[in-house]
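*Asks:* Going down the list, the sequences are from chains D and E.
Quick note on the working numbering: the first sequence kicks off at 1 and runs consecutively.
Quick note on the working numbering: the second sequence kicks off at 444 and runs consecutively.
It cannot be assumed that every hint is accurate.
To be verified - Derived pair list, reagent style BS3-like, types lysine-lysine, alpha-carbon separation capped at 30 Å: (1) E:Lys452 to D:Lys76; (2) E:Lys648 to E:Lys818; (3) E:Lys451 to D:Lys76; (4) D:Lys124 to D:Lys420; (5) E:Lys452 to D:Lys385; (6) D:Lys385 to D:Lys218; (7) E:Lys675 to E:Lys630; (8) E:Lys484 to E:Lys655; (9) E:Lys655 to E:Lys630; (10) D:Lys76 to D:Lys65; (11) D:Lys385 to D:Lys76; (12) D:Lys385 to E:Lys655.
Claimed, not checked - Footprint (simulated), chain D over chain E, 3 or more residues, beta carbon under 8 Å: (13) 743-753; (14) 758-767.
Stated by the list, open to error - Some residues of chain E that are not near chain D, with every Cβ distance over 12 Å (derived): (15) Gln459; (16) Arg523; (17) Gly572; (18) Thr686.
If you're looking for bench data, these hints aren't it; they were derived computationally from the structure.
Keep in mind the model is a prediction, meaning the values are calculated, not measured.
By construction, the Cβ of each residue, glycine as well, lies at the ideal position given by its N, Cα and C atoms.
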Amino acid sequence: MNRNGKGVAERSMGIGLRTLNWLAGSSLLDRIKARRQVERALFRTSKEGFRTATAAGRTFKAVQKLARPARQAAGKPRALFDVTPDEEQQMFQEAVRDFAAAEVRPAAQAADAERATPAELLAKVDELGVNMLGVPEELGGAMHEQAAVTSVLVGEALAHGDLGIAYAALAPGAVATAIGHWGTAEQQATYLPAFSGEDVPTAALALLEPQPLFDPLKLETKARRDGSDWVLDGAKSLLARAADCELFVVAAEAEDLGPALFAIESGAAGLATEPEPAMGLRPAASGRLLLEGVRLPGGAMLGEGGRDAYSECVQRARLAWSAVAVGTSQAVLDYVIPYVNERSAFGEPISNRQAVAFAVSDIGIETDGMRLAVYRAAGRADQGKDFTREAALARRLCAAKGMTIGSEGVQLLGGHGFVKEHPVERWYRDLRAAGVMEGALLV
Amino acid sequence: MINLEIPKKFQPLVSQAHQVATEVFRPISHKYDEEEHAYPKELDMLASLIDGMNEGGDSGAGAAGVRRGSDGKREEGENRNGSNLSTVLGIVELCWGDVGLLLSMPRQGLGNSAIASVASEEQLEHYGGRWAAMAITEPEAGSDSAAIRTTAELDGEEYVLNGEKIFVTSGDRAELIVVWASLDRSKGRAAIKSFIVERDNPGLKLDRLEHKLGIRASDTANFTLQDCRVPKEALLGSPEIDTKQGFGGAMQTFDNTRPLVAAMAVGVARASLERTRELLEGAGVEIDYAAPALSQPAAVARFLEMEADYEAARLLTLHAAWMADNNRPNSLQASMAKAKAGRTCVNVALGCIELCGAAGYGEDELLEKWARDAKILDIFEGTQQIQLLIVARQLLGKSSSELR
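Using the sequences and the hints, build the whole thing.
*Replies:* Below you can see the structure in the form of C-alpha cells.
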C-alpha cells in the first residue's frame with residue numbers, strides 16, 4: 001500500500017487519534033472519574049472491534065439418555081510408591097510428546113503473533129482423544145477409571161510444545177470432563193456425544209472473573225431463581241476461543257445454594273463475548289463472556305454434588321494449570337541448556353560460570369519438585385482420596401516457581417531472550433498464567 | 444502406576460519412629476541442647492530397639508539401610524519400595540522429633556552408611572553392628588574433599604595414617620571412625636580411600652569438641668592422626684588407584700546418604716510447620732486450602748508458600764530414595780533432593796519463627812532450636828552450593844574441570 005493510498009482503517013484511526021488526544025487532555029474525564037474506563041474502551045476498540053453476540057453454534061439434542069448419569073470409577077488404592085506411568089499413560093504421553101514436538105512447537109510463534117491456533121492443529125489434537133479423558137466409557141470416553149494422572153501427563157506434554165496452544169486445544173475437554181463428572185443424565189446425553197464425534201464443539205469452562213483477588217468460591221456472577229428458571233448475570237474472564245464457543249459451563253453463585261455450574265449454549269439471549277487479549281495464552285484468543293439476564297431452564301444446573309463437587313472442580317482446574325506449567329518449565333530447561341553451553345563470553349561457554357550454571361540447576365530442581373507435587377495430587381484424585389491440600393500446594397509451587405523459571409529463562413539468554421527470535425519471552429508471559437487462571441482446564 | 448503416597452507396608456515403621464520421636468526425643472530435646480557434650484544416655488536402649496527394627500528385613504530406620512542391590516532378586520520392570528525409602532521415612536519421623544539426637548544415635552552414623560555402602564562381606568562381618576563416624580573434613584579442605592592432606596602409607600601389612608580431621612559427627616562417642624586419606628597425594632582424587640580406624644587406636648588423638656549453633660546434642664570432634672596404624676583390611680573398597688574411576692568409589696557413599704540428610708531436613712521443616720500451624724490456629728488463623736492463598740491473611744499465604752516448598756522437598760527426597768531402591772542411578776536426584784530440602788528447611792524454620800513472633804523466637808518453644816539445627820542440614824554432606832554444582836554438571840553435561 002503506498003503512502004497516499006492509506007487504508008480506510010488507518011485513516012479513521014488518524015481521526016480517532018485526534019479525538020483521543022482531545023479527550024486525553026480534557027479534565028472532564030477525571031471529573032467524572034471515567035478516565036480509566038474510557039481509556040480501556042478506546043484501547044480495546046482500536047485493537048479488537050466491538051463486542052459480539054456469541055457464536056451461532058450447533059443444536060445439542062439429547063440422544064439415548066441413560067437412566068442415571070454415568071461416572072468414571074475411582075481407581076483402587078495403590079500399594080506402592082511409584083513415579084512411573086502405567087502402559088496406557090505412557091502411550092498417551094509419548095503420542096502427545098511427539099505431536100507437541102512435531103506440530104505444536106513449530107506453530108507456536110505464529111499462533112502467538114496471530115492470536116489464533118490453526119483449526120487443523122486443533123482438529124489433530126482432538127484426534128488424539130485427549131479431550132475425552134474425563135468422559136465415562138459408556139458415553140464414548142476412553143477411560144473406565146478416573147484419569148487425572150493421564151490428563152496431567154497429557155497437559156504437561158502438550159504444554160512442552162506450547163502453553164497457549166495447549167490451552168486452546170484442551171479447553172473443550174474441560175467442559176466434557178465437567179459434564180462427565182458432574183452432569184445429569186440429561187446433560188450427558190445432550191452434550192457428550194458431540195465431544196466423541198469428529199467435530200468436537202468449541203467449549204469453555206468459565207470460572208474466572210475480572211475482579212482482583214478473585215476467589216472461585218465467592219463469585220460475583222449470580223444466578224437468581226425465577227420460577228423454575230435461573231437468570232444469570234455477570235462476567236467471566238480469559239476464556240479460550242470465547243468468540244467461537246458453542247457451549248459454556250459457567251460458574252455462578254446460585255441463590256440459596258452457593259456456587260454451582262450451569263451449562264449454557266451459545267446463542268442464548270443476553271450472552272455476549274468480547275475479546276480480552278492478555279499478556280500470554282495468545283494462541284487461545286482469550287475472551288470475556290458477558291451474561292446479562294441470561295435465562296436458563298432449571299435443568300441447566302450441573303446435577304450432582306453441590307458445593308463439594310464445585311470445590312472439586314476448582315481443585316481439578318488448579319491441577320490442570322499446574323500440569324501445563326510443569327511442561328512449559330521443562331521446555332525452558334531444555335531450551336536454555338544447549339544455549340548456555342553454546343553461548344560464549346570471555347572466551348568460554350557461559351555455562352562454565354557458576355552464576356549461570358546454578359540458575360540452570362534451580363530450574364531443574366524446581367521443575368522436578370513441581371512435577372512430583374502435581375503427580376501426587378493427581379494420583380490421590382484418581383484413587384478417590386481427598387486432594388484439596390495437595391492441589392493447593394501444587395498450585396502454590398507452580399505459580400511461584402513457574403513464574404521464576406519463566407523469568408530465569410529470559411535472563412539466561414540476556415537481550416536475546418527479550419526478542420521474539422527465541423521462545424523464552426513467550427514462556428515468560430505464558431508461565432505467569434499458572435498463578436492466575438481458575439477453571440478453564442480440568443484434569 | 445503413578446502413586447506418591449506412603450505405602451501401607453511402611454506405616455508400622457513410620458508410626459513406630461513417630462512414637463520414638465514423640466516419647467523419647469521431644470521430652471529431652473531442650474535438655475541436651477543446653478547440656479552440650481553430655482551423652483544422651485536415654486538413647487542406648489533406643490539404639491537396641493532400632494537394631495531390632497533393622498534386623499526385621501527391609502524396613503530399616505537408620506544408616507544400615509542404604510546398601511544397594513542387596514534386597515534380593517527383582518523382576519524386570521518390577522517396582523520396589525525397599526530399604527532406601529523406608530530409611531528415609533524413618534529419618535523424617537525421627538528428625539521431626541530431634542535431629543541432634545538422631546545424629547547421636549549409636550550405630551546410625553554416616554560411617555555406618557559408608558560401611559553399609561561399600562564394605563566387602565568380610566568387612567561387614569568384622570565391623571558390622573558397631574557405631575561408626577565419618578572423618579572427611581580437614582582445616583584446609585571442606586567441600587573440596589579431593590584436597591585432603593591426610594595420608595595413608597602402606598607399611599608391610601598395615602597402613603600408617605597421618606593428618607588432621609575436623610567436624611567428625613559423633614567422633615567422640617563412636618567405636619569406629621571412617622577416615623578419608625590419600626594413598627598418593629600426587630595422584631589426586633583417585634588416590635583418596637577410606638579407612639576404618641578403631642576409636643581407641645593410640646594414633647588417634649581427640650583434640651577437642653566443638654561448640655555449635657545447633658545440633659548440640661550431637662558431639663562434633665576434631666582429631667589428630669599421628670602414625671596411626673591400621674591393618675590392610677581396614678581399607679574400604681579397592682586399594683587400586685584407578686585414575687579412570689577417579690573419585691567414584693569414595694563418592695559412591697554420598698549418592699546413598701544425600702537423601703538421608705535431605706530426609707533430616709524434611710523432618711525438621713515439618714516439625715516447624717506443624718507447631719506453627721498449631722500456634723496460628725490458637726491465634727485464630729485457619730489455613731484454608733480450598734481458598735486462594737492471596738485472599739487469606741498474609742500469615743496463611745506465607746505458610747502455604749513454605750508448605751509448598753516443603754512438599755516439593757519431601758517428594759524429591761522420596762523420589763531419590765525410590766530410585767536407589769530400584770537400582771537406578773540417582774546421583775542427580777539425590778543432589779536435587781539435598782539442595783531443595785536443605786534450603787527449604789532453613790527458610791521454613793526461620794520463616795516460622797517470624798510467623799510466631801516472640802513465641803517462635805523464645806526458648807519456651809522448640810521453634811528457635813529447630814531453626815538453629817536446620818542450618819547444618821544445608822551444609823554437611825555437601826553444601827547447597829556443592830549440590831547445585833553436581834546438579835549443574837549433570838544437566839549441562841560438564842566435567843568438574845569445565846564447571847568448577
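*Asks:* Against this structure, judge whether each hint is valid.
*Replies:* A quick look at each hint next to the structure:
For the hint pairing Lys452 (chain E) with Lys76 (chain D), the CA-to-CA distance comes to about 16 Å; that is within 30 Å, so the pair holds. This hinted pair checks out: Lys648 (chain E) and Lys818 (chain E) have alpha carbons roughly 28 Å apart, not beyond 30 Å. For the given pair, Lys451 (chain E) sits about 13 Å from Lys76 (chain D) by alpha-carbon distance, which is consistent with the 30 Å threshold. A hinted pair counts as satisfied when its Cα atoms are at most 30 Å apart, and Lys124 (chain D) with Lys420 (chain D) qualifies at roughly 26 Å.
With a CA separation close to 18 Å, the supplied pair Lys452 (chain E) and Lys385 (chain D) stays within the 30 Å bound. For the suggested pair Lys385 (chain D) and Lys218 (chain D), the alpha carbons sit about 25 Å apart, so the restraint of at most 30 Å is met. With a CA separation close to 20 Å, the supplied pair Lys675 (chain E) and Lys630 (chain E) stays within the 30 Å bound. Restraint check for Lys484 (chain E) and Lys655 (chain E): satisfied, since their Cα atoms lie roughly 20 Å apart, inside the 30 Å limit.
A hinted pair counts as satisfied when its Cα atoms are at most 30 Å apart, and Lys655 (chain E) with Lys630 (chain E) does not qualify at roughly 35 Å. At most 30 Å may separate the alpha-carbon atoms for a hinted pair to count; Lys76 (chain D) and Lys65 (chain D) meet this at roughly 29 Å. About 10 Å separates the Cα atoms of Lys385 (chain D) and Lys76 (chain D), which keeps this hinted pair within 30 Å; it holds. For a cut-off of 30 Å, the pair hint linking Lys385 (chain D) to Lys655 (chain E) is broken: about 44 Å separates their Cα positions.
Given as covered by chain D, the stretch 743-753 of chain E passes the check, having 5 residues with a CB less than 8 Å from a CB of that chain where 3 are the minimum. Taking a C-beta to C-beta cut-off of 8 Å, the stretch 758-767 of chain E contributes 5 residues in contact with chain D, enough for the three needed, and the coverage statement holds. Look at Gln459 (chain E): its CB is around 19 Å from the nearest CB on chain D, clear of 12 Å, so calling it non-interface holds up. Consistency note on Arg523 (chain E): stated as away from chain D, yet its beta-carbon is not over 12 Å from all of that chain's, at 8 Å minimum.
With a closest Cβ-Cβ approach of about 29 Å to chain D, Gly572 (chain E) is found to remain outside the 12 Å limit, as its non-interface label requires. For Thr686 (chain E), the non-interface assignment is confirmed: its Cβ lies about 23 Å from the closest Cβ of chain D, beyond the 12 Å cut-off.
Of the numbered hints given earlier, the model fails hints 9, 12 and 16; all others are met.
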